[in-house]
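Protein chains: 2
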Amino acid sequence: MREDAKTPARHAERMARKQEIMRERIARAQKEQGVLLVLTGPGKGKSSSGFGMLARSLGHGMKVGVVQFIKGSFSTGEEAFFRHLPGVDYHVMGEGYTWDTQDRERDVAMAQAAWHVARRMLNDPAYHFVLLDELNIALRYDYLDLEAVLDDLMQRPVMQHVVVTGRYAPQALIDIADTVTEMKVVKHAFADQGIKAQKGIEL
Amino acid sequence: MREDAKTPARHAERMARKQEIMRERIARAQKEQGVLLVLTGPGKGKSSSGFGMLARSLGHGMKVGVVQFIKGSFSTGEEAFFRHLPGVDYHVMGEGYTWDTQDRERDVAMAQAAWHVARRMLNDPAYHFVLLDELNIALRYDYLDLEAVLDDLMQRPVMQHVVVTGRYAPQALIDIADTVTEMKVVKHAFADQGIKAQKGIEL
Chain Y
1 MREDAKTPAR HAERMARKQE IMRERIARAQ KEQGVLLVLT GPGKGKSSSG
51 FGMLARSLGH GMKVGVVQFI KGSFSTGEEA FFRHLPGVDY HVMGEGYTWD
101 TQDRERDVAM AQAAWHVARR MLNDPAYHFV LLDELNIALR YDYLDLEAVL
151 DDLMQRPVMQ HVVVTGRYAP QALIDIADTV TEMKVVKHAF ADQGIKAQKG
201 IEL
Chain G
1 MREDAKTPAR HAERMARKQE IMRERIARAQ KEQGVLLVLT GPGKGKSSSG
51 FGMLARSLGH GMKVGVVQFI KGSFSTGEEA FFRHLPGVDY HVMGEGYTWD
101 TQDRERDVAM AQAAWHVARR MLNDPAYHFV LLDELNIALR YDYLDLEAVL
151 DDLMQRPVMQ HVVVTGRYAP QALIDIADTV TEMKVVKHAF ADQGIKAQKG
201 IEL
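In order, the protein sequence lines correspond to chains Y and G. Residue numbers are given in the working numbering: position 44 of the first sequence equals residue 44, and the series is strictly consecutive. Residue numbers are given in the working numbering: position 54 of the second sequence equals residue 54, and the series is strictly consecutive.
Looking at chain Y on its own, in the form it has when it is part of the complex (with noise of 0.2 Å):
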């Protein structure tokens, strides 16, 4: 049913709905809306900085929730940290893809499993934040319907802040973003000077 999202047309089309959008968000908030923030990038620091801001909401009493997209990629210490702590409804979804056996169908079904969660929290305006880690990596590998995405996130209550991490952002979500930071490295242990990851940092 879904035109090509790469399409001009379709890109136009996105453009206008997004500033309807907008304009509704703004009449209804006037001087206060959630953020769509998307960190992307090779650089490290990206779920890291996602799990910060998801503190700093906590610190402010905030109700938070987290879908993790791709297990493994990341430390388990941030979930043996907030999983379990109050105010936190805390998902990973992304448990055993099989990048390296091909089972695309299976990968695709997980990817959607997880997005429906997140879906859920998108729909619900008692989150005021939501995580969404390595979604990018999900949409990369077109596991997920961009479009479909984008629709989501961008239809999520007015209030509620996102925050999207992962390499390779595709630019229809910059597009749709209000902020969005890359991560550049500069120098990094493990490629430069042989140091073996550690847990806490794990970079």
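If you are wondering where the hints come from, they were derived from the structure by calculation, not from laboratory data. The reader is advised that the hints may include incorrect statements.
Copies of one chain are not kept apart here, so a pair can be met inside one copy or by any two copies together.
As the list claims (entries may be wrong) - Derived SDA-like pairs (lysine to any residue); straight-line CA-CA distance at most 20 Å:
1) Lys187 to Pro42
2) Lys184 to Pro42
3) Lys187 to Leu150
4) Lys187 to Gln171
5) Lys184 to Pro86
6) Lys18 to Val117
Please build the complex by placing chain G on the supplied structure of chain Y, with the hints as guidance.
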């Protein structure tokens, strides 16, 4: 007593010294050692990333220290969230810098008091992770002796991780760091779109 930090001779000496210390560290630790990570650049997410790593360290049951060199550059959400957790030693030192009034002597005294606290952590192997938030700014304004700071960082316990945040990381700090990420602005909500800063994210 100290030579100019910027002379090539001092640089070569520092590099030779670093090599020696690195060799000692490697001899002591073989496979594992603490990492010195610098998060710099104009993009958002530097401090958040440091706090995310702090959460990860706590998730692994580590004792952690935080010294915030610039109060008010940042949300108090992290402080509210982290400062009373067990295992967290949290100091906000930079309150009341006189950027505008230019009482430089007072600013230097405050930065040095902050470094005194940081130094105590850097001398104590009980701290597995130390976050020196916005230290780069204090260095940028020459509120601290750069060489003394570098020496203290290099002589810290072999397993201790340190994260230094802030724009304008000095090159000499980058030289001794294991991992350096530069946060680049791709898009900024408040610069580009006029959205009011929010508690919770405040980007």
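Do the hints match the structure? See the list:
1. Lys187 to Pro42: For Lys187 and Pro42, the Cα distance is within 20 Å both inside one copy (11 Å) and across copies (17 Å).
2. Lys184 to Pro42: Both ways: Lys184 and Pro42 sit 6 Å apart in one copy and 12 Å across, limit 20 Å.
3. Lys187 to Leu150: between (33 Å within a copy, 17 Å between copies)
4. Lys187 to Gln171: between (26 Å within a copy, 12 Å between copies)
5. Lys184 to Pro86: Close neither inside one copy (34 Å) nor across copies (34 Å); limit 20 Å.
6. Lys18 to Val117: Answer is neither; intra-copy 24 Å and inter-copy 49 Å both fail.
Comparing the model with each earlier hint shows violations of hints 5, 6; every other hint is respected.
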